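Asker: Modelling step: build the complete structure from the supplied sequences, incorporating the hints.
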Amino acid sequence: QQPVQSPQAVILREGEDAVINCSSSKALYSVHWYRQKHGEAPVFLMILLKGGEQKGHDKISASFNEKKQQSSLYLTASQLSYSGTYFCGTSVLGSGNTGKLIFGQGTTLQVKP
Amino acid sequence: EAQVTQNPRYLITVTGKKLTVTCSQNMNHEYMSWYRQDPGLGLRQIYYSMNVEVTDKGDVPEGYKVSRKEKRNFPLILESPSPNQTSLYFCASSLRQNTEAFFGQGTRLTVV
Chain D
5 QQPVQSPQAV ILREGEDAVI NCSSSKALYS VHWYRQKHGE APVFLMILLK
55 GGEQKGHDKI SASFNEKKQQ SSLYLTASQL SYSGTYFCGT SVLGSGNTGK
105 LIFGQGTTLQ VKP
Chain Y
13 EAQVTQNPRY LITVTGKKLT VTCSQNMNHE YMSWYRQDPG LGLRQIYYSM
63 NVEVTDKGDV PEGYKVSRKE KRNFPLILES PSPNQTSLYF CASSLRQNTE
113 AFFGQGTRLT VV
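Chains as they are written, first to last, in this note's numbering: chain D, 5 to 117; chain Y, 13 to 124.
Since the hints were derived computationally from the structure, they do not count as laboratory data. Nothing here was measured: the structure is a model prediction, and the numbers come from that model. Quick reminder that beta carbons are idealized off the backbone N, C-alpha and C, glycines included.
When the alpha-carbon atoms are kept at most 27 Å apart in a straight line, the in silico DSSO-like pairs for lysine-lysine are as follows:
id, chain 1, residue 1, chain 2, residue 2
1, D, Lys63, D, Lys116
2, D, Lys104, Y, Lys69
3, D, Lys63, D, Lys41
4, Y, Lys29, Y, Lys69
5, Y, Lys69, Y, Lys83
6, D, Lys54, D, Lys30
7, Y, Lys69, D, Lys54
8, D, Lys104, D, Lys54
9, D, Lys104, Y, Lys83
10, Y, Lys81, Y, Lys29
11, D, Lys30, D, Lys104
12, D, Lys59, D, Lys72
13, D, Lys116, D, Lys41
14, Y, Lys69, Y, Lys30
15, Y, Lys81, D, Lys104
16, D, Lys30, Y, Lys69
17, D, Lys104, Y, Lys77
18, D, Lys71, D, Lys30
Okay, the calculated bits of chain D under chain Y, using three or more residues with CB under 8 Å as the criterion:
id, stretch
19, 83-97
20, 104-114
Answerer: Have a look at this one:
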């Protein structure tokens, strides 16, 4: 039931782009994205609700494809500050209003100068 | 300052000795949740609460209890801790479900 994130790890040079995928075996109500730096608490990036929406702020955006039961996080022109572990959290359709949230195992992103 | 406060930040205890990890938020949020984080497993939800006196099991509730008697507080109780509960624990709150969550700084628990 845990969503699967891919890749597990990625190393980039500053300015390069990256895509992190989050796939579920169940129909989804919402997808949540968080970034966690080493030794710190997770920090909110964005939430996408069913309806196939796309969101973005600054150079980080995400899409949610209900039919494919997956979401993708896009990081463009990466900066050193983007380094960290990215988690997607999913609420399953039917339990979306209950608050139950299941996170993927995380994708570690390292941006080098 | 808007924040989620967990205490203690670090705790070493022995098997079977009851303990409570406190969580408090000052943002008048309805939704609160507890997670444990273990290497390679990501964040796993233990319990969540939609409002005062409303709590429900997350993905890994076994061995834990919670209560929500006041809106601001959501303590996590381990009645009889075991070594497999050694983990990093996070409390989080949000205005309601499916909105931005604010995480506490974490509690690193070691059960020996």
